[in-house]
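Listed in order, the protein sequences are those of chains E and P. Residue 143 in the working numbering sits at position 139 of the first sequence, with consecutive numbering throughout. Residue 301 in the working numbering sits at position 275 of the second sequence, with consecutive numbering throughout.
Derived by calculation from the structure, the hints in this document are not laboratory data. Heads up, some of the hints might be wrong.
Said to hold, decoys possible - Below are the DSS-like pairs computed for lysine-lysine, each with C-alpha atoms no more than 27 Å apart in a straight line: (1) P:K148 <-> P:K195; (2) E:K26 <-> E:K41; (3) E:K92 <-> E:K149; (4) P:K148 <-> E:K105; (5) E:K26 <-> P:K348; (6) P:K343 <-> E:K26; (7) E:K83 <-> E:K105; (8) E:K105 <-> E:K92; (9) E:K149 <-> E:K83; (10) E:K105 <-> E:K149; (11) E:K105 <-> P:K348; (12) E:K149 <-> E:K41.
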Amino acid sequence: MVNHVTIIMIEDDEGHARLIEKNIRRAGVLNEIVPFKDGTSALTHLFGPDGSGAVSAGRALLVLLDLNLPDMTGVDILKRIKENEHLKRSPVVVLTTTDDKVEIQRCYDLGANVYVTKPVNYENFANAIRQLGLFFSVIQVPEAK
Amino acid sequence: MALRDQNRAPLLSRLSQPVLLGLGFAVLIAISAASIWLVNQARSDAAAVAHTLEVENSLAQIQVLVRRAESGQRGFLLTRNPSYLQLFDNSSRDLVPELGEIATLTADNPNQTGTIQTLLPKIREKMDELGQTVQLGRQGRWDEALAIVNTNRGELVMRDIASAIEMMKAEEERLLGSRTASARESAQWLLLVNIVGVIAIISVAAVSVHLSQRTNRALRQAHAALAVINVDLERRVEERTADLQEANQEIQSFAYIVSHDLRSPLVNIMGFTSELEELRTDLFHRISGLRERAGDTNAAQDEELAQDFTEAFGFIKASIIKMDRLIKAILDLSRQGRAEFQPVPVDANALVENIASTVAHQLMARDAKIEIAKLPPLVTDRIALEQIFTNLIDNAVKYLRTDVPGRIEVNAIESSAYITFLVSDNGRGIDSKDRARVFELFRRSGPQDTPGEGIGLAHVRTLVRRMGGSVMLDSELGRGTTFKVTLPRTLTMQRQGE
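Isolated chain E (complex conformation) (with noise of 0.2 Å):
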């Protein structure tokens, strides 16, 4: 992943969003995260004051979301994104506690990226981040237009 892409990392527990920091750039990924806490603040980085999405064309962004927010949830973002002209290319990865079934499958359907579930247990969680942070190291992110 080339160093201009930036990783729009919404994610409300200031702790989650730390410890995935660290595991990603343990992977050597060096690329900018900026965080987001609440759904409503990302939504206007991404989509901008008009909400359009325009503000975000010429960006390369890889979007890691979480499903629980506290002013609304992921799945909303995800579909905000994917049904937008502009953004709709942007990878997401869903990083989430949540392993329920219907979930995993909505937000597939949605045309989320990639689904991962945060383990409770900290070796495994620190391994899943690596890993990602690792494939994200390989993959190509397309420019928004």
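Given the structure of chain E, go ahead and fit chain P onto it with the hints provided.
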């Protein structure tokens, strides 16, 4: 109470209807009997009247015949024309059977018989006198004949005859009078009895109709009341069911949300604890480096500190792992509570035998046997039934005693709509104070010498309840336990949350 009143009216009618019916029949029988008796009476009265008339007729005939015989005798003596003898002879001849008849007719009446005893000699005397004169006339001794007539004896006898006949007639008249009165009385009684009977029957019918109407009215009211109660009851049952379902769903979603949200901080606790562990390694590394640089060679104190760290981390991590398992159990349970059942025909025998085969090696190791009786098939959710039996059989195996050969039995008792499965063991049993507790989540009974979370039976109870059944246990401490799972023969889909 309105209900009690409604009960009383039909009860009264129920008692009265047969009584009324019996009364009606009794009246009819009485009328019929009275009528038959009275009609018979009337017939015998009429016969008596006819008899009287016959007697009167006979008496009149006798009188006429005697007179005619006398007329014949007088005509013959007066005109000496023998053609008058014809009249005399005919009358004399006819008189004989007539006298016999009157004697027969009045034989039943002592008064009349007495009178006849005086009448007959008089008639005979008269006829003798007439015969004597006629005989003299035939012989041409007219004077002698006339002399007899002139004695006027014949006339006197004739008067006696007439008076005797009048007496008999009077007697018959008296009899006729009394018999006619009796006949009239009988007819009046007949009429009266019939009128009274008709009135009685009409009354009985009227009372009966009234009672029937009252019964019908009470029945209709009871029906209406019952319908209202039924509707009310159904509505209430529906309300309660809806309330319960809502409460159940709330609990399920509460459990889900709580367990889900508890996981997030747990990830942090676990994550940063691990990070701290890493930090500790770095820290002690630096300390030992610094100590070396300061020329301190005593590492014992560092070692002690490191051990304290390890112990603390050990407890924290063990607790987190346990907490994670518990949260996972709640999550699973709530997920089970939300899963849709799919009723299919299930061969319980095959299902239980399959489960038994999965614990076969454990049974062998414990010198235990499992016996499965003939189990009835049922329509239910296969996975749920499998989980129920798996948990019960696993439990039975887990808590077998080590001092006796283990024995597990699976039986079934059938009723019309339900099947009760019995899973019995001769294991260590459950203390009576724990019998309700063992069905609660995370609760276990007896010595905690086997691994487990206290989830299995809670899981069984949740499933069984959702399937519309119940689970109970009988147990004797140190002797064994029997779990009784009652399930509907046919599982019907409950309405799930919208």
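Results for each hint:
no.: 1; hint: P:K148 <-> P:K195; in the structure: 17 Å, holds
no.: 2; hint: E:K26 <-> E:K41; in the structure: 17 Å, holds
no.: 3; hint: E:K92 <-> E:K149; in the structure: 9 Å, holds
no.: 4; hint: P:K148 <-> E:K105; in the structure: 144 Å, violated
no.: 5; hint: E:K26 <-> P:K348; in the structure: 26 Å, holds
no.: 6; hint: P:K343 <-> E:K26; in the structure: 20 Å, holds
no.: 7; hint: E:K83 <-> E:K105; in the structure: 18 Å, holds
no.: 8; hint: E:K105 <-> E:K92; in the structure: 24 Å, holds
no.: 9; hint: E:K149 <-> E:K83; in the structure: 18 Å, holds
no.: 10; hint: E:K105 <-> E:K149; in the structure: 33 Å, violated
no.: 11; hint: E:K105 <-> P:K348; in the structure: 24 Å, holds
no.: 12; hint: E:K149 <-> E:K41; in the structure: 26 Å, holds
Hint compliance for this structure: hints 4 and 10 are not met, and every other hint is.
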